[in-house]
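If you want the building blocks of each chain, they are given just below.
Number of protein chains: 2
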Amino acid sequence: MVPARCSLVTLGVDDVARSKAFYRSLGWQTGVDMDDFAVLRTSGPLIALYPLTDMSRDTGDEVPTARERRVHLAINLGSPTEVDDAVTEFMAAGAALLRAPGAAEWGGYTSIVADPDGHAWEIAHNPGWPLDADGLPQLP
Amino acid sequence: MVPARCSLVTLGVDDVARSKAFYRSLGWQTGVDMDDFAVLRTSGPLIALYPLTDMSRDTGDEVPTARERRVHLAINLGSPTEVDDAVTEFMAAGAALLRAPGAAEWGGYTSIVADPDGHAWEIAHNPGWPLDADGLPQLP
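Quick mapping for you: the protein sequence lines, in order, are chains G and P.
So the first sequence is residues 0 to 139, counted in numbering that gives the first Met the number 0.
So the second sequence is residues 0 to 139, counted in numbering that gives the first Met the number 0.
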């Protein structure tokens, strides 16, 4: 069983600074604030702002053009083993493997699978983002 | 100020029945289960499965082809007035208006705006989905 969880929604953007300015002008707060990556706190899932070029690289896709904006969903789990198990469940359900489970450059462990319509789900363990009782990641 | 909230993530799908079968085989539960619309319960946002053709109609876009799968995010609010106010804030922040605020065929009140990269945010009041203390919609 894969936890019924959507931890993070990632918006592929052209300009992280522009996107941060947009969401901040709505009154939203950043929990992570880097030049090329930011995470907004919400009362639901975390919302990440991430360059579309990097996002496309992660899944091995070509960089989408304007009408093909991409969003990734994520399930954060407690360990690399839990990631492996969830990916196995996704594959058994008929998912496509876009990125095999393995160490991530940001220090965790991650994989990306796609549902029948190609929607990308990242299945990740991030040791820097502990999970709360609902399994949702808590930003530092 | 717009509440920092992502209530619902909608996946545009080709075949709602196929998508329901996929997510159910992961062990996930549906809170709404119709032939052409379903909502999955998660510990984060609700995940809706909705025909891509309907989704494209809602925003006035052409139906995307395979590489252009679309996801919509939603902020659910407590009244039509709150929807109007949030749309005003989004527009002041530089959002594009994809669907003007108005009555929705499903009995609520809704609007769709787009952030600088074209990501669609539906701003909605659904009287059938009361909000909890965190502002997240509770399915019947």
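Keep in mind the hints are simulated off the structure, nothing from the lab.
On a predicted model such as this, the values are computed, not experimentally measured, just so you know.
Worth double-checking, as some hints may not be accurate.
[Said to hold, decoys possible] Listed next, the stretches of chain G that the computed footprint assigns to chain P, with coverage defined by at least 3 CB atoms under 8 Å from CB atoms of chain P:
| no. | segment |
| --- | --- |
| 1 | 37–49 |
| 2 | 84–91 |
| 3 | 95–102 |
| 4 | 107–116 |
Note that CB positions come from ideal geometry on N, CA and C, so glycine has one too.
Structure-based check of all given hints:
| no. | hint | in the structure |
| --- | --- | --- |
| 1 | 37–49 | holds (count 7) |
| 2 | 84–91 | holds (count 3) |
| 3 | 95–102 | violated (count 0) |
| 4 | 107–116 | holds (count 3) |
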